[in-house]
Amino acid sequence: MGLAGYLIVAAILFALGIACTVARKNVIYVLMGIELILNAANLNLVAFSRFVGGLDGQIFAIFSIILAAAEAAVALAIVLNVFGLFDSIRPDDPDLMKE
Amino acid sequence: MSASLALSLWLQSARLQQQTGAALGSTTAPDSNWTLDLLEWVRTSWLSTKLAGLAGMDQAPALPTWAAAAIGAGIAVGIVIGFVSVVAMFSIWLERRVAGRIQSRIGPNRVGPFGLLQSLADGVKLLLKEDIIPSGADRKLFVLAPALVMASALAMFAAVPMADGAGFTDINLGVLFIVGISALATIGVIMAGWSSNNKWALYGAMREAAQVVSYEVPLGISLLVPVIVGGTLELGAASRLQSGWGGSCWFLFQNPFVLPAFVLYFIAALAENKRAPFDLPESESELVAGFHTEYSGIRFSFFFLEEYAAMFLMSAVGTALFLGGWNFPGIDLLKGGWLIAAQLAVFVVKSMFLVLLMIWIRWTLPRMRVDQVMVMGYKYLTPLSLICVVGASVWEVWAAVPFHERPIWMQLFTPVLVFGVCAVLGAMLRKQAIESAAQPTTRSRIAPRAHAAAH
Amino acid sequence: MELLFFLLFAGLAIAGAVATVWMRYVVHSAFALMGTFLGVAGLYVLLGADFLAITQILIYVGGILVLILFGIMLTPPDRTERNAKRVIGFSASLVAIALFLAVQIGSVVRWAEKSNLEAPKATAAPIGRELLRPDGYLIPFELVSVVLLVALIGSVFIARRRKAVRVDDSSTAAILAERGTLQQKAGA
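Going down the list, the protein sequences come from chains B, P and U. The first sequence begins at 1 in this note's numbering and counts up by one. The second sequence begins at 1 in this note's numbering and counts up by one. The third sequence begins at 1 in this note's numbering and counts up by one.
Isolated chain B, as found in the complex (with noise of 0.2 Å):
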C-alpha cells in the first residue's frame, strides 16, 4: 500500500476528529476529538518517515504522543476543576471572562 492509501485515513481520522470536537457538547468529547487529531497528524508523520527516508518523522511522532499524554493530564484536572466550579462540563458554560 502507498503513500496515498495512510494519508486517505489520516485525513478521514483527522476530519473525523474535528467533527468530534465540533459537534458535540460535551469537555470530554473535545478531549476526544484531539486525541483523534493528533493520532491522524502522527500517523502523516510516520507514513512520510517510511517513504521519504530516516526516523525523523518517527521521533516527531514519538514527541508528539509524549505531549498527548502531558495534554491529556493536564486537560482532564482542569475538566475536574471546571465541573467543581460550574458545576458542568460543558465547555459553553465557564464564561466568566465575558463579565
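I should point out that these hints are in silico values taken from the structure, not numbers from a laboratory. Be careful, since some hints might not be right.
[As the list claims (entries may be wrong)] Where chain U lies over chain P, by a calculated footprint (3+ residues, C-beta under 8 Å):
#1 101-107
#2 180-188
#3 397-411
[To be verified] Here are the simulated distance ranges between beta carbons:
#4 VAL156/U x VAL349/P: 38 to 46 Å
#5 GLU2/U x THR44/P: 42 to 50 Å
#6 GLY154/U x VAL370/P: 21 to 29 Å
#7 GLY330/P x TYR25/U: 55 to 63 Å
#8 THR49/P x VAL103/U: 49 to 57 Å
#9 TYR25/U x ALA423/P: 55 to 63 Å
[Claimed, not checked] Which stretches of chain U does chain B cover? Using the computed rule of at least three CB atoms under 8 Å from a CB of chain B, they are:
#10 10-23
#11 38-44
#12 50-58
#13 71-77
Please read all numbers here as calculations on a predicted model, not as lab measurements. We treat Cβ as the ideally placed atom computed from N, Cα and C, and that holds for glycine.
With the hints as your guide, set chains P and U onto chain B.
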C-alpha cells in the same frame, strides 16, 4: 460468541506480531512456518493423495497462500489456547491445594489423581451453567469485556519464547509488547465494571484501573534493569545471553542491582495481577467480587482463567529476564528434541515456582488498604526502582565490558552477594520462627477457653 | 496480503473514529476510541515503525484512554441530547474536505512513492541513539522530559482538593455566587 470474539482479536494480534517479526527482523525470524510445513505434510500424505486420485488428480492441489497462512495461524492459536488453559487450570488446582495445606485442610482431592482434574470439572460445570446478563447491563460491552480480557492474555503469550528455536516467535520488542498489551486487560476490566451497572463492580473496576496504572511505572522501570544488563528487549535473546557458566549465568548473578529489581518487579507484578495483598479490586469483604460481581458461567471463567494466565505470564517474563530463562546447569548435555523438551520443562518449572510464591504470599499476608497500596506504589517502589536503574547503569558503565568478559572477582562478586543476602535473611527468618515457636501460640492461648466454654 | 492488513487496520481505525463521533454515550465513544488507537498501531506496524506501534498501545490505550475513562466516571453524564443531524452534517462535510485535501497532497507528493525505500529494520535502537545524540534530538528530548515534569506537577496542583472558594474576597466567587451555583451546592 465471546470465544469467537476473543479468537478474532487474538488472530489479529498474532498476525500483527508475525508481521512485526517478518518486517522488522528479529533474530529468530518468524520460523513459525512449521505450521505451514505441517500443512504441506498433510497435503502430500498418503490419504490426501488417494483422495486426490479419486478426484482425478495426481496430487492434492496446494492451498493459496492466504488460506495456508490463516490455517497456520489457526493451528498456532489453538496450541496457545490449549497451553494457556492447561497452565491456568493447573495453577488453579495448585492454588487450592496450597491454600488447603496452609489452612491445615486437604483441598480438592477427589477428581482424578490428587484432585488434578478438579479444575476441568469446574470448567465443565461453568460451561453448563446458565449464562446470565443482568437486565440493567449494557449488553454489548458486557459481552465484549471478558473477550477483551482473555484476548489480551492470549496475545501476551505470543511474545514469550519458552525454548530455543522451537517455533516460538520472538519479537524484538518483546518486553515492551507484553507491558503494552497488558493495558488492554485494564480497559477490559473497566468495561466489565461499567457495563455491569452495579456499584461494587464499578468501584472494583476503578480501583483496578488506578492500581494497574500506578504499578505499571515501577514494573516497567524494574524490568529496565535486566534490559540494561543484557542490552536487549527480546526475551529469547535475553535467555540466550544467560547460557554461560554451564547454564547458570543468570542476570540475577551479573549485577548487584538485579536482585532488588527482581524483588520490586515481583511486588509490582503481584499488584498488576490484583493478587493479595493487593487484591483491592476484588476484595470480597468490601466489594462482593469486584468488577466480575455480575458475571457468571462461561464469562466468569474467562476472567478466572485470565487471572491465572496473567500470573503465569508475569512469572514467565520474570523467569526469562531475571532467572536465566530456559537455562539450567547441566541442560547442555542433552541434544536435539530432548534439549528442547528439557528447556521447555525448565522454563515452565521456574515460572511455576514463581506462581507458587505468589500463591504462598496470597494465603499468608493480609490485604492492604487502598491508600496503603497507593503509598507503597508511588513513595516506595517507584523511587527504589529508579535507584536500581541508576545503580545498574553505573555498574555496567564502570565495568565497561559485557558481563562474560569481566575479571573473575567481578563475575564472582554478585553471586556471592546474592547468596550472602539470601543466607542472612534465611537465618534471620529461621531465628524468628524458632523464637515464635517457643512462645505460646495464639491457638494454645485460646484453646483452654474454648474447652471451658464447651463444658 | 499487505493490502488485506492495511484494509483491516484502516477499517478498524476509521470505524472506531466514526463510532467515537456517533455514539450516544460518552463511555461508548471512549471504548470506540480504543479501536482507533489499535488500528493506528496496526498501521504503524505496516509502516515499519514497530517501536512506535507499541508505544502507541502503551501510552494511548494504557494511559490516555484510562485517564479519559477516569474523567468520564468522575463527571456526570451529559444530559443534553446528541444532535444527530448536526453530527452527521459536520462529519460528512469535514470528511469530504479532508479527502479532497488528501488526494491533492497525494498527487503532489507522488515522488515519494517512487523512492521505493526498504522498510527500516528494528527501529528501537536507532531511535534511541538518535534521541541521545547531541547534534540529533538530545535537546528536544530533555526539554520534553521537563515538559512532562511540569505537566505532572501542574495537573496535581490544579486537581488537588481545595477548600470551598471564599465568597467575599474573590470577584470570581462573587460572580459565581450571584449566579447561585455555589449556594445551590452549599444548600444541597
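These are the hints, each one checked on the structure:
Only when three residues or more bring their CB closer than 8 Å to a CB of chain U does the claim for the stretch 101-107 of chain P stand; here the count is 0, and the claim is violated. Counting residues of the stretch 180-188 of chain P whose CB lies closer than 8 Å to any CB of chain U gives 7, which reaches the minimum of 3, so the coverage claim holds. Using a Cβ-Cβ cut-off of 8 Å, 0 residues of the stretch 397-411 of chain P lie near chain U, which falls short of the minimum of three, so the contact claim is violated. Range check, VAL156/U to VAL349/P: about 45 Å between beta-carbon atoms, so the 38 to 46 Å window is met.
At roughly 29 Å, the beta carbons of GLU2/U and THR44/P sit outside the given window of 42 to 50 Å. In this structure, GLY154/U and VAL370/P meet the distance hint of 21 to 29 Å, their C-beta atoms being roughly 25 Å apart. At about 60 Å, the beta-carbon gap between GLY330/P and TYR25/U stays in the expected band of 55 to 63 Å. Look at THR49/P against VAL103/U: about 53 Å separates their beta carbons, and that is inside 49 to 57 Å.
The supplied range of 55 to 63 Å is met by TYR25/U and ALA423/P, whose beta-carbon atoms lie about 59 Å from each other. A stretch counts as covered by a chain when three or more of its residues have a beta carbon under 8 Å from one of that chain; for the stretch 10-23 of chain U and chain B the count is 7, and the coverage holds. Restraint check on the stretch 38-44 of chain U versus chain B: 3 residues with Cβ-Cβ distances below 8 Å, three needed, restraint holds. Counting residues of the stretch 50-58 of chain U whose beta carbon lies closer than 8 Å to any beta carbon of chain B gives 4, which reaches the threshold of three, so the coverage claim holds.
Counting residues of the stretch 71-77 of chain U whose CB lies closer than 8 Å to any CB of chain B gives 5, so the stated coverage by that chain holds, three being the minimum.
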